[in-house]
Amino acid sequence: MRDELNQLVDEMVAKGIRYDDARQEFERRFISRALARSEGKVGRAAKMIGLHRNTLSRKVTEYRLKRTG
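Read left to right, the sequence shown gives residues 307 to 375 (the numbering used here).
Note that these hints are calculated values from the structure, not bench results. Predicted model only: the values in this text are computed from it and were never measured. Hints should not be assumed to be uniformly reliable.
For lysine-lysine, the following DSS-like pairs were computed, each having C-alpha atoms within a straight-line distance of at most 30 Å [what the hints assert, rightly or not]:
hint, residue 1, residue 2
1, Lys372, Lys347
2, Lys353, Lys365
3, Lys353, Lys372
4, Lys365, Lys321
Across the chosen pairs, the derived CB separations fall in these ranges [said to hold, decoys possible]:
hint, residue 1, residue 2, range
5, Thr374, Met318, 28 to 34 Å
6, Lys321, Met354, 27 to 33 Å
7, Asp309, Lys353, 26 to 32 Å
Glycine included, each C-beta is placed from N, C-alpha and C at the ideal position.
Using the sequences and the hints, build the whole thing.
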């Protein structure tokens, strides 16, 4: 998995993808997957990924994610 991540980062840097754009996209997808695995339960998803429930709720709103998995 580490090799795949290194390869992905190398490709992103080579293509000129900005750090902030990459971070936001990663965070959006990471949160979306956690919500799907928790069947849309924000508290459960927050615990799963190590965020406070209020922080996760704010990010769900910020990224306009659906809470239902």
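Hint check:
1. As the CA atoms of Lys372 and Lys347 are separated by approximately 11 Å, the hinted pair is consistent with the 30 Å bound.
2. About 14 Å separates the Cα atoms of Lys353 and Lys365, which keeps this hinted pair within 30 Å; it holds.
3. About 18 Å separates the Cα atoms of Lys353 and Lys372, which keeps this hinted pair within 30 Å; it holds.
4. Taking the CA atoms of Lys365 and Lys321, the gap is about 27 Å. The hint holds against a cut of 30 Å.
5. Checked against the hint of 28 to 34 Å, the pair Thr374 and Met318 passes, with Cβ atoms roughly 30 Å apart.
6. Take Lys321 and Met354: their Cβ atoms lie about 31 Å apart, and the range 27 to 33 Å holds.
7. The supplied range of 26 to 32 Å is met by Asp309 and Lys353, whose beta-carbon atoms lie about 30 Å from each other.
Against the hints set out earlier in the document, no violation occurs for any number.
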